[in-house]
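Note that the protein sequences, when read in sequence, are chains A and B. Residues 1 to 222 in our numbering are what the first sequence spells out, letter by letter. Residues 1 to 222 in our numbering are what the second sequence spells out, letter by letter.
None of these hints come from the bench; they were simulated from the model. Don't take each hint at face value.
No farther apart than 30 Å at their CA atoms in a straight line, the calculated lysine-lysine pairs in the BS3-like style are these [said to hold, decoys possible]:
(1) K147(B) - K147(A)
(2) K32(A) - K32(B)
(3) K73(A) - K147(B)
Here the structure is a predicted model, which is why all the values come from computation and not from measurement.
Number of protein chains: 2
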Amino acid sequence: MAAIKAIVFDAYGTLFDVHTVVEKCEKYFPTKGRMISEIWRQKQLEYTWLRSLMGRYEDFWRVTEDALTFALKQLGLETTMDVRTDILHTYLSLKPYREVPDLLKQLSRAYTLAILSNGSPNMLHAVIQNAELSDCFSYVISVDERKTFKPSMEVYQLAPAKLGIPKEETLFVSSNSWDAAGAKVFGFQVCWLNRFHQTFDELDSRPDFIVNDLEELADHLT
Amino acid sequence: MAAIKAIVFDAYGTLFDVHTVVEKCEKYFPTKGRMISEIWRQKQLEYTWLRSLMGRYEDFWRVTEDALTFALKQLGLETTMDVRTDILHTYLSLKPYREVPDLLKQLSRAYTLAILSNGSPNMLHAVIQNAELSDCFSYVISVDERKTFKPSMEVYQLAPAKLGIPKEETLFVSSNSWDAAGAKVFGFQVCWLNRFHQTFDELDSRPDFIVNDLEELADHLT
Chain A
1 MAAIKAIVFD AYGTLFDVHT VVEKCEKYFP TKGRMISEIW RQKQLEYTWL RSLMGRYEDF
61 WRVTEDALTF ALKQLGLETT MDVRTDILHT YLSLKPYREV PDLLKQLSRA YTLAILSNGS
121 PNMLHAVIQN AELSDCFSYV ISVDERKTFK PSMEVYQLAP AKLGIPKEET LFVSSNSWDA
181 AGAKVFGFQV CWLNRFHQTF DELDSRPDFI VNDLEELADH LT
Chain B
1 MAAIKAIVFD AYGTLFDVHT VVEKCEKYFP TKGRMISEIW RQKQLEYTWL RSLMGRYEDF
61 WRVTEDALTF ALKQLGLETT MDVRTDILHT YLSLKPYREV PDLLKQLSRA YTLAILSNGS
121 PNMLHAVIQN AELSDCFSYV ISVDERKTFK PSMEVYQLAP AKLGIPKEET LFVSSNSWDA
181 AGAKVFGFQV CWLNRFHQTF DELDSRPDFI VNDLEELADH LT
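Looking at chain A on its own, in the form it has when it is part of the complex:
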């Protein structure tokens, strides 16, 4: 394996906890927060894949809103536009996982760090700024300029193109196993950040190594 020069992170589910939304959902729909969040996230991903395949790209903010609409409809929860907007805006201030701020600061001293995410540029800017992590990243790359979503190969190609660092010298880190699988097919070195003892998807592709959090990643790299 070539020495690693850059680390490219997925954002949602990897650095930022998408289930931060549960609390806000609970405020409006007591006891339903976790269920809303689970359906919302699943549909958000499905809509990125389906829209890409249908050739009907809309940005991640729109997709996220549509997925929330679906989740509330499926659960039979009546709501107003104001409530939906309030819940949706939680996405701009998702919390980073516990160890993320310290470890990103540490890793940024040794590597070029970047984010490569489905998120629209505005969404990524907001969530990174709200978590006070802007200084850690040399590049924040959105799929939006390719008008398709992960795991399209042309999306992964954005990272070497922007960073000027070959994919073989780049470590891609994602908690989403299908994203890790896609990144490996593309040709990155790949770490699957398996925070919740999940099962890796059966897509003919395996990560180079697996860690449970960024502390383990830093240990692995030294």
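Use these hints to put chain B onto chain A, whose structure you have.
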């Protein structure tokens, strides 16, 4: 709306009950049949979308096997190749829904009927023959010749190309709401066969009408 000359059906979940597999799963893993079946189906669909996007097509038999492997792993169920193969082969004899045989026979007297499915040619041939429905269909079309899955537009294009009937004069029928949405974007007339009171996906596209079973479809058409 133009008069309908042909009806093109999705197969799995629309005509054939994918949860026929529960019984066989129960034989090997008592009490787990429904859960295996749910995860299996979800992952089967996800893998069709992900492989299409990654440009890593494998046929539906392979995808179905991989999804079963994932489901058993995720549930921590140890198994042998023989058991997995036995469960997998249930896919060749999925049962049609209750009203399907009679209604297909009835509809085939007034319209050209076809299937357009993700299934590989062998899978489709077997499941149709086992259900004794071969005589109903003038065309059985597999996505396999395009090496991508629904809802890619090029897959829907196979139907007018084979049937020689314009998409505007073709009614596409699917129980999978994302498939109905894709077919509508393509330009078919579309009926969503909502067998289980589900929620239509938020993909900027609505079916022309909705029915609960094929009896309602026949009523609607007369």
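Status of each hint after checking the structure:
no.: 1; hint: K147(B) - K147(A); in the structure: holds, 22 Å
no.: 2; hint: K32(A) - K32(B); in the structure: holds, 26 Å
no.: 3; hint: K73(A) - K147(B); in the structure: violated, 34 Å
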